[in-house]
Each structure stands twice: as structure tokens, then as C-alpha cells.
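S.K.: Let chain L serve as the given structure and place chain V on it in line with the hints.
So the chains spell out like this:
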Amino acid sequence: MLIQYLLFTNMIRPMAQKNSPSEHIEHLRDCLSKVAIQRDKAAFSILFDHYAPLLRSYSLVREPGAELIADELAQEVMIRVWLKAGSYNSQLANINTWIFTLARNCRIDYFRRNGRFVSEIDPTEIFNDMEDEGPSPFQLTHQARLEENIRTGLEQLPREQSEILTKVYLEGKSHQQTSEELKLPLGTVKSRVRLAVNKLKVLVER
Amino acid sequence: MDTIKNHPADELLVSYSAASLPLSQALCISTHLDNCAECTQKLRRLNQVGSELMHQLKPSPPSSSLKDQLLDRLDSITENDETNRHNPGNTSIPRCLHQFIKTGYEDISWNRISRDIQSYELCRDQNNAKVELLRIRPGGTSSTHTHMGDEYTVILEGSFSDEEGLYHKGDFLLRDARHKHTPVATRDKYCICLAVTEAPIQLTGFFGRLLNPFIRRSYA
Chain L
1 MLIQYLLFTN MIRPMAQKNS PSEHIEHLRD CLSKVAIQRD KAAFSILFDH YAPLLRSYSL
61 VREPGAELIA DELAQEVMIR VWLKAGSYNS QLANINTWIF TLARNCRIDY FRRNGRFVSE
121 IDPTEIFNDM EDEGPSPFQL THQARLEENI RTGLEQLPRE QSEILTKVYL EGKSHQQTSE
181 ELKLPLGTVK SRVRLAVNKL KVLVER
Chain V
1001 MDTIKNHPAD ELLVSYSAAS LPLSQALCIS THLDNCAECT QKLRRLNQVG SELMHQLKPS
1061 PPSSSLKDQL LDRLDSITEN DETNRHNPGN TSIPRCLHQF IKTGYEDISW NRISRDIQSY
1121 ELCRDQNNAK VELLRIRPGG TSSTHTHMGD EYTVILEGSF SDEEGLYHKG DFLLRDARHK
1181 HTPVATRDKY CICLAVTEAP IQLTGFFGRL LNPFIRRSYA
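Read top to bottom, the protein sequences are chains L and V.
According to our numbering, the first sequence is numbered sequentially starting from 1.
According to our numbering, the second sequence is numbered sequentially starting from 1001.
Certain hints may be false.
Label pairs and their computed distance ranges (CB to CB) [stated by the list, open to error]:
| no. | chain 1 | residue 1 | chain 2 | residue 2 | range |
| --- | --- | --- | --- | --- | --- |
| 1 | V | Ala1009 | L | Glu171 | 19 to 25 Å |
| 2 | V | Lys1102 | L | Leu186 | 34 to 40 Å |
| 3 | V | Lys1189 | L | Gln156 | 48 to 54 Å |
| 4 | V | Ala1009 | L | Asn114 | 39 to 45 Å |
| 5 | V | Glu1164 | L | Arg113 | 38 to 44 Å |
| 6 | V | Gln1041 | L | Glu23 | 26 to 32 Å |
| 7 | L | Glu171 | V | Gly1149 | 19 to 25 Å |
With a Cα cut of at most 16 Å, we get these calculated EDC-like pairs of lysine to aspartate or glutamate [claimed, not checked]:
| no. | chain 1 | residue 1 | chain 2 | residue 2 |
| --- | --- | --- | --- | --- |
| 8 | V | Lys1067 | L | Glu181 |
| 9 | V | Lys1058 | V | Asp1075 |
| 10 | L | Lys41 | V | Glu1164 |
| 11 | L | Lys41 | V | Glu1163 |
| 12 | L | Lys183 | L | Glu160 |
| 13 | V | Lys1067 | L | Glu67 |
| 14 | L | Lys199 | V | Glu1157 |
| 15 | V | Lys1067 | L | Asp40 |
| 16 | V | Lys1189 | V | Glu1106 |
| 17 | V | Lys1189 | V | Asp1116 |
| 18 | L | Lys201 | V | Glu1011 |
| 19 | L | Lys201 | V | Asp1010 |
| 20 | V | Lys1058 | L | Glu181 |
| 21 | V | Lys1102 | V | Glu1132 |
| 22 | L | Lys84 | V | Glu1157 |
| 23 | V | Lys1058 | L | Glu171 |
| 24 | V | Lys1067 | L | Asp71 |
| 25 | L | Lys199 | V | Glu1011 |
| 26 | V | Lys1005 | V | Asp1162 |
| 27 | V | Lys1067 | L | Asp49 |
| 28 | V | Lys1058 | L | Glu76 |
| 29 | V | Lys1180 | V | Asp1162 |
| 30 | V | Lys1169 | V | Asp1150 |
| 31 | V | Lys1189 | V | Glu1157 |
| 32 | L | Lys84 | V | Glu1079 |
| 33 | L | Lys183 | L | Glu163 |
| 34 | V | Lys1067 | L | Glu160 |
| 35 | V | Lys1169 | V | Asp1188 |
| 36 | V | Lys1005 | V | Glu1164 |
| 37 | V | Lys1180 | V | Glu1157 |
| 38 | L | Lys201 | L | Glu120 |
| 39 | L | Lys201 | L | Glu147 |
| 40 | V | Lys1102 | L | Glu67 |
The set of hints was computed from the structure by calculation and includes no laboratory data.
Computed from a predicted model, the values in this text were never measured in an experiment.
Ideal Cβ positions, reconstructed from N, Cα and C, are used throughout, including at glycine.
Next up, chain V with everything else stripped away, as it sits in the complex:
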């Protein structure tokens, strides 16, 4: 826990607390929170801010029949157990990812992207952001790339480094169009990340540029 040095910015936590951000971004923050006591603590306080704002609203009383209807229904309401809807045995997977990953990372049918990288698309979000897992083999590297949109990354297993630093499990990274970076997994083990890409990334190397049209096509 104490190795986490890279956290979401405060304003992003505010949006998370308000649930006013795309769910793909919320997924990344939730994954980070699973590993980060410090941000969890911050979030609780931000929830209090939201609570205070809500309780300052001018109340709009409902019609009197609304309560009666509800009171009549109470006895017939039973909980449809939401909490265990997705319940894998593997607790090393963050809770919010249970809806996509049933057992473990090793059982996923990974798609080969390059010699070093495999990916597994979890879903698309409303802004057509791509939500995927990336697995980089020990010592492996991703092509140097920049982004046309924001890229959110949370490390699930292992470590990687790029031009700006070394990142470990739980670290949260936000890269935007200004960043050009070359992630390299550390040599000791596979690095698995949750990655949300808001618009196609742009490869900048010579071979990378040749690949760009194909990448864009995969976003169509």
C-alpha cells in the first residue's frame, strides 16, 4: 500500500464522489481506491461535501400519496442480492472488475498485439472510450506513443517504467495528448494494467506510423 505514489488528481476524485464522470474513468479510480487507503479516506470526506450540498437544497415535498404507496409496498419488497451478483473466487481482482473478469487474469483469452504486449478488451464506454487490460511480458516494451485523447492507466500486477518514472501495483496514471511515452515492464514479472483510452493513440515511431491506420480502424 505504501508504495503508491501516483494518485488521481483531487478534482477527479471530486467527480468520482459526485458520480459525474464517465464510468470508464470511474472504473479506473475505483480500481485505484481498492489499493489506496489515502484516497479512500479523501473520498469519504468528499462524500461529506456532496452530502452537505444535497442537504442545503430547498426541500420539494412529494404528494402525500407517495409515502402511502411506499408504506403499502414495504412488506413485499425483498432484496435482490446485488452485492454477490458478480462473485469470483479470486480476491486479488479489484471488486469493480469482477463484472468482467470471472476467475483470474491467467484464464483470459488474451489477444496478441505485439511480441511483448497482449490485450483484452473489457468493454466500450459512452464516449466510445476503450476499456481494456494490457499485459506486458517481463522486460517487454510498448511502442512509443502519444495520445489524441486522455489515457487512464492503473497497474493491477507487476511494475513498469517510462520516461517519467517507475510505477507499481495500484498506481494511477493519466496521460494526455502532450505526453509521449514508452512504457517498459520490469524484468521480474508480467505487468498487467487496466487502461482506458478516450481516443485512438498515435504511434510515433516509423513503424508505428505505418500502423496508425489499422489502430484507428479498430476503434470504428
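If we strip away everything but chain L, and leave its shape as in the complex, we get:
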């Protein structure tokens, strides 16, 4: 049983890597639906191999050198993937975005539970909404273009703007913290964030 399973994962992984990015995403989405429907551990293992290294990086960028925290966050997110696979709508939502929201929610939850910041507010009730739903069908038709816009847009952002998006999104810094670390006025931080999202054209109505 174990040998069969190891063979299976090893056979699939090289195939997945040969594919183009969109086919790769397609493949990951298939794995997720296998996890949801058949509780397929081999498929889960493929998801782990793809996402755990990214999840660890997402943790390490905020807490450099904290390997144990990174491992714990990666495990915790993957547990949520295992548990919530059934509530994810594979026809509608982008699996990468879903993973990002899970990671974000786990990270803030982790920091609160471990006393990194003291708050009486339970973040799970604030951020959980997006975990269970995908974009509307209308949005789906624009999905591919939007993703492309974001990807090329991020590459073209001036460094002073992308640096701030990195602080906010990846390092989890507030505008105030960003302004202190970069020694910039608070207003400048805010306007650079605004300029950046304008350049990415993500908020333009279409």
C-alpha cells in the first residue's frame, strides 16, 4: 500500500513539472478535487509538494530564520486544505488565491494565538468569509486577463512601489510600520500603495 502510494506520487510529479503553468494549475486543481471527493492522499501529497515550500517562504519573509514557525504554518495551511477541500469550488475559484487567503488567515491566527499581538478580537470571524467562495461567474470570464494584468503589472512596478506592496502583503506590515521602516512619511506610503494598485488596474471597473 505504502509502496504503491510512493510510486504513484513519484510518477506524477515529473509529469506535472513538464507542463505549462496553466496546465500545472489545472493539474493542482484536479488534485484538490481528488482530495475533496476521494480523500486521495497521493493527490494531497502533490499539493503539499507544490504549496508547502511557498507557504514556508510566506512565513519566513515575515519571520526571517524562524524555520519552526514556517513548518508549523505550512502544516496548518495544508491541514485546512485537507479539511476544506470540499468547500472549495474548483469550477469557479483560482486555487492559488484560495491558498493565499488560507495562508493569510492562518498566519494572523497563529500570531494572535502565540501572543505576538494582544487583541480581544477574533480574526477568524473577520477574514474567514473568502475561504468558502469563489468569484462570481461574471468575474470568471475576466479571470485570465486579470491574472495576466496583475503578473505583468507587478513586473513593471517601480521598485519604490513594489517594495511597499511586499512590506504590506508579505511582511504583514501596517502603513505605520512601513513608514517607520522605510523612513517615509505616512502619506507617502499610502499614496504609493494607491499608485501601485492603480498601475495594476485591479480596481478598475469593467
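M.R.: The following block gives chain V in isolation, referenced to the frame of chain L:
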């Protein structure tokens, strides 16, 4: 839904999408999102930006034992049902406030602030921001005040107006130290707001100034 004219600024939605803002502010934005399809749509796109940034990171593979440990545990993991942890019957209350308000606004033990205003403190946040509900009686007014810090307000029920406009259910307002305003509830019904105040507000009228020391004390 279409009456909402006052939204959080884009950069605030970005921080919300990144979960990199104080939870008290996140609570206000989440409450607004509950009422605002437009910002909900924006948020989904901003989540994609976050996702793209995360997926551009250089992967840091875990040790091989991490996966094995997890695979061994999978069968024994069961969901502790988080989604229904706070479950009031009243759906007119925004979901993120269910953790504080169990039944309805009418069952809250309101504290009288003035003839016109009642308050109910929900909690304090990490920056010692005060998170509270305010209830202004129909036609009632709050003292004219300015702020030493930012004040976030989302309207939960009813409407109020101030020097700058008229606000309805779902409207999101951010007032900072430059603003001096006098909110007045409309005459038709009670106005209930979620308010987050980052530092003590400063009353500016004559009687207001007399009250300032007492207000500051309540923040200690």
C-alpha cells in the same frame, strides 16, 4: 446596497486584503464589506495581488519528514467547527460582530453617555483602540468633537448626518484629527454605529472641554 457612497480608501482595502492592519480596523472594513458588493469585488481582486506576490517568492522546501508527519496525522484530524462558533439567530448583525453580539442590538445593556447617546464597549485592540457601538436616538446629536487619533465609523442601522454629508447603513467613515464634526441622527429612527477610536476624542464645545479629563480617564 446602492445607497452606499462612502467606502474605505483603496490603500485600506489593500491592508485588509493583506491582513496587515489592526484587527479593530479590519473589523470595521469587514462590517462594511458585509453591506458592500462593490468593495467585496475589489477585495477579491486584491487577494489575487497578494496571491501573485506570494507565488513569486522563492520556494523554501521543508525537510522531507514534514510531509510524512502530516500524512501520518491526516486520518486523525477532524474539523473543530470554527464556522459556527458564534452563531446568533439574528442575521441583520454583520458576521464579524457575532463574536460580540449574541442576539440583537436591543438586548445589549447600553450605557448612557448623554441624553441622546448610548454606548456599549465591545473590546480594546492592541493599539488600545476602543471598539464600541454607539446608539444615537432619533434626531439626537453628539457633542461637536475632534479626534486626537483616527476614528473609524460604520453605520449598522439608521442614518446620521454631519457637516460633510448624510450617511446610511453600510457607509464607512474615517475621520482624523483634522476633522471637527457634529453627527446628528435622522429623525425617523435610532442610529446604531460601530466606532473604533484610536485615541481619546477631544470635545471642543465649552461643556465638552470640561468633560475632556473624564473622557481621557475612561481610556486609562
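S.K.: Tell me, which hint numbers fail for this structure?
M.R.: 4, 8, 9, 10, 11, 14, 20, 22, 28, 30, 34, 37, 38, 40
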